[in-house]
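Visitor: Given the sequences, and given the hints that come with them, work out the whole structure.
Number of protein chains: 2
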Amino acid sequence: MSIVVVGSVALDSVKTPFGERTEALGGSAVYFSYSSSFFSNVKLVGVVGQDFPSKNLDLLRRRKIDLEGLQVAPGDTFRWSGFYEYDLNEAKTLDTRLNVFEKFSPNLPESYRSADCVFLANIDPDLQMRVLRQVRRPKLIAADTMNLWISTKKESLKALCREIDILILNDGEARQLSGKASLIQAGRLIQSWGPKFVVVKKGEHGVLLFSKKNVFSAPAYPLEEVFDPTGAGDTFAGGFVGYLNKRGNRLDEATLHQALFYGTVMASFTVERFSLERLLTVRNGDIVRRLALLHRMSRPSRI
Amino acid sequence: MSIVVVGSVALDSVKTPFGERTEALGGSAVYFSYSSSFFSNVKLVGVVGQDFPSKNLDLLRRRKIDLEGLQVAPGDTFRWSGFYEYDLNEAKTLDTRLNVFEKFSPNLPESYRSADCVFLANIDPDLQMRVLRQVRRPKLIAADTMNLWISTKKESLKALCREIDILILNDGEARQLSGKASLIQAGRLIQSWGPKFVVVKKGEHGVLLFSKKNVFSAPAYPLEEVFDPTGAGDTFAGGFVGYLNKRGNRLDEATLHQALFYGTVMASFTVERFSLERLLTVRNGDIVRRLALLHRMSRPSRI
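First to last, the sequence lines map onto chains A and B.
Counting from 1 along the first sequence, just add 5 to a position and that's the residue number in the numbering used here.
Counting from 1 along the second sequence, just add 5 to a position and that's the residue number in the numbering used here.
Just so you know, these hints were derived from the structure itself, not from any lab.
Here the structure is a predicted model, which is why all the values come from computation and not from measurement.
The list treats identical chains as one, so a pair stands whether inside a single copy or across any two.
In silico DSS-like pairs for lysine-lysine, Cα to Cα no more than 25 Å straight-line:
#: 1; residue 1: K207; residue 2: K185
#: 2; residue 1: K20; residue 2: K185
#: 3; residue 1: K207; residue 2: K158
#: 4; residue 1: K207; residue 2: K20
#: 5; residue 1: K201; residue 2: K218
#: 6; residue 1: K201; residue 2: K159
Guide: Encoded structure:
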């Protein structure tokens, strides 16, 4: 079992009401890889500049994340800086410097092309499609996206929907992509465009999973405080897809539900500190305990 | 088993993006009574003016709701008018005419005073307390409140919290009352003030139930469209408290969880039309079917 993830590797400067960090390790492929490494073997595809601190690579290597597909290009690493207001609901971007990420063209090493699972993190849907042309019949393909691509490349995104098993996006993106205010309508419509399943992330309100016939709802983990939501979505996807891959890419209801819960648990760690700081200290026992609590809080006791 | 409910009886004029109604039957005690009448015997305490259309009383009598405690006072019935924007999240008030409701002082008929359950709908917390002095040791007391009383009578409300078993309020009210942005912190803090349980209603995101040790999350019913949210909260409370009363006012986890689900189902009917229009056509089979779907969407399948 192995997962190829294609996405960004970044240096994030983030300010929240609780503190700030400068040039901390971030990026969708990083959060996803770290999170999914608790469940499966992960092969990362991305690009960094020559300025990228080697200690960041060490963090990933320690989780046995395969970095053969991480290109080092002349120039600087992708940088994002932003801040959150007190409600922490929405990241406000101060500055985005794509740097080496601007010309990024995913190129999978031969050893990656037979992976049985692919996660296309939030990059240009044309690049996501290009990745799919480089892999040999993976059993499971999941993808994320963002408002920028919904505005600028909607047709590419709809074409991608026909090629993938699971689309993961947040509530605002689901509304924007579908043109429906009702999340129930939005999820059903997007599902009808091709993906077997659509996962709609609602932050503190949990997630909805849409299949052809059903909707399933999983709550968020009941944290007293969220410190920094950066990376929560990609960490969720890492736990979700990682668990599915571990279970042989099965997509029956029981496996999907458990995967949603694992994704939720992994995201709950990320938001407790900046960057990967909290994830770095997570042990398997922590995951098991939070998973049990999440089951208790959503599974109605039998009369 | 019987429930005394004290609250407003109103004529509502509501406009939503989907239509409008003028002087339709409304008010917290009405929505609550009608909803809880599917589960238990209901005794209504409230006041109307001499202008109140008798056909509205017939609707309530048809559900065997006891109206001995409904005073008819000289003057006009309480009227509220408001509208909802496209997102339907928040009622905008155009006009509130308290009329006979301004001088309302709840006075329970002797036949009401031995009810084993009391629901204090959203009225002045000092009046809510006055009701409690008129009943003989009910086994279950639940109450609702609103932003007005949180701003103007916070100490009365905190005193009430020490007398009741369950406080039901929405997410905005929970944040306002507790002064906490985190709903998890808000629910836990309010619960520590006295109620055995706090129910936080989150609209399309479902409800959270806080007990001393646990948080439980129930999803909203997955409606494709909400037509008019007026009365949803009181209808929820009617199903929730009605079911608890039917089950002998038991407050074990299994009964509480099922009660949350019944409340959610009842509210899902109310929001499908104006006023009580949809509730009027509900049959027991409709309730059972929606309850089953709600269980399927929140109970993870076993691995």
